[in-house]
Amino acid sequence: EVQLVESGGGLVQPGGSLKLSCAASGFTFSGSAMHWVRQASGKGLEWVGRIRSKANSYATAYAASVKGRFTISRDDSKNTAYLQMNSLKTEDTAVYYCTRLSVDTGGFDYWGQGTLVTVSS
Amino acid sequence: QSVLTQPPSASGTPGQRVTISCSGSSSNIGSNYVYWYQQLPGTAPKLLIYRNNQRPSGVPDRFSGSKSGTSASLAISGLRSEDEADYYCAAWDVGVVFGGGTKLTVL
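Protein sequence lines correspond, in order, to chains A and B.
Under my numbering, the first residue of the first sequence carries the number 1, and numbering increases by one thereafter.
Under my numbering, the first residue of the second sequence carries the number 1, and numbering increases by one thereafter.
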């Protein structure tokens, strides 16, 4: 059974940092591109960024709204992806989902349950 | 302000057919595939339609997708109460862009 489990969310002050983890199981993690998508309360989905596989040089890309503040990384030995968030703003408050990009469909076929990040003083 | 434009709401009665539109531009829908996601209340999104009109295994054939130019649409026929959810279109652009979501109410 495929599972993606996010952790690391919580309350942080503006300007602070937080690191989210996404533990994967049930599929070949090392061969998969992993993405992060967030959703503010009552709002729509927003793509945050992605990291490709080792075969694709672990290439990363980010949404303009987080570029320069967020960093995505991965540890294939631990089947885990990470989202390092620095210089957090109140508008970063959201549920953060990690999701796998399917090679077969080109869409996000597996999603975690999400972890809530609240940026507030 | 989402890059892709969807109506905020849609509704229908059980058994009806409803459609949800999604409008983009040449840099996203116009040159890439469209994807649709269903998000039931309190849950993570689920892939509903991929590559414009393909259904993942397990998705009922009541759901169908289409694309023309820079617009796409999701159709749901034989509407059921369990279809009440938020629906999002998505496409590749500079990264992935989503629509603002359409809340479907089954009356």
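Calculated directly from the structure, the hints in this document are not laboratory data.
Be careful, since some hints might not be right.
[As the list claims (entries may be wrong)] Covered stretches of chain A, as calculated for chain B (at least 3 residues, CB under 8 Å): (1) 46-59; (2) 109-121.
[What the hints assert, rightly or not] Below, in silico cross-link-like pairs of lysine-lysine (PhoX-like), each with a Cα-Cα straight-line distance of 20 Å or less: (3) K89(A) to K54(A); (4) K54(A) to K78(A); (5) K89(A) to K43(A); (6) K46(B) to K43(A); (7) K103(B) to K43(A); (8) K103(B) to K46(B).
[Claimed, not checked] Computed Cβ-Cβ distance ranges for the label pairs, DEER-style: (9) Q16(B) to Q113(A): 48 to 56 Å; (10) N56(A) to G58(B): 25 to 33 Å; (11) K78(A) to Q16(B): 19 to 27 Å; (12) G15(A) to S57(B): 25 to 33 Å; (13) P14(B) to S65(A): 26 to 34 Å; (14) P14(B) to S77(A): 31 to 39 Å; (15) S73(A) to S57(B): 31 to 39 Å; (16) A40(A) to P56(B): 24 to 32 Å; (17) T13(B) to R69(A): 42 to 50 Å; (18) T60(A) to Q16(B): 24 to 32 Å; (19) S65(A) to P8(B): 17 to 25 Å; (20) S57(B) to A40(A): 50 to 58 Å.
As the structure is a computational prediction, the values presented were derived from the model and not from experiment.
Cβ atoms here follow ideal geometry from the backbone N, Cα and C, with glycine treated the same way.
Results for each hint:
1. 46-59: holds (count 4)
2. 109-121: holds (count 5)
3. K89(A) to K54(A): violated, 31 Å
4. K54(A) to K78(A): Satisfied, since the Cα-Cα distance of roughly 14 Å is no more than 20 Å.
5. K89(A) to K43(A): Holds. K89(A) to K43(A) sits at ~17 Å (cutoff 20 Å).
6. K46(B) to K43(A): Holds, at about 17 Å.
7. K103(B) to K43(A): holds, 11 Å
8. K103(B) to K46(B): Distance ~15 Å between K103(B) and K46(B) Cα, so the pair holds.
9. Q16(B) to Q113(A): 48 to 56 Å: violated, 32 Å
10. N56(A) to G58(B): 25 to 33 Å: holds, 29 Å
11. K78(A) to Q16(B): 19 to 27 Å: Cβ of K78(A) to Cβ of Q16(B): about 48 Å, so the range 19 to 27 Å is violated.
12. G15(A) to S57(B): 25 to 33 Å: Since G15(A) and S57(B) have Cβ atoms about 46 Å apart, the given range 25 to 33 Å is violated.
13. P14(B) to S65(A): 26 to 34 Å: violated, 40 Å
14. P14(B) to S77(A): 31 to 39 Å: Given range 31 to 39 Å: violated, Cβ gap about 50 Å.
15. S73(A) to S57(B): 31 to 39 Å: holds, 32 Å
16. A40(A) to P56(B): 24 to 32 Å: Hint holds: Cβ distance 27 Å, inside 24 to 32 Å.
17. T13(B) to R69(A): 42 to 50 Å: holds, 46 Å
18. T60(A) to Q16(B): 24 to 32 Å: violated, 44 Å
19. S65(A) to P8(B): 17 to 25 Å: With Cβ atoms ~22 Å apart, the hint holds.
20. S57(B) to A40(A): 50 to 58 Å: Cβ of S57(B) to Cβ of A40(A): about 32 Å, so the range 50 to 58 Å is violated.
Hints 3, 9, 11, 12, 13, 14, 18, 20, counting from the list given before, are not met by this structure.
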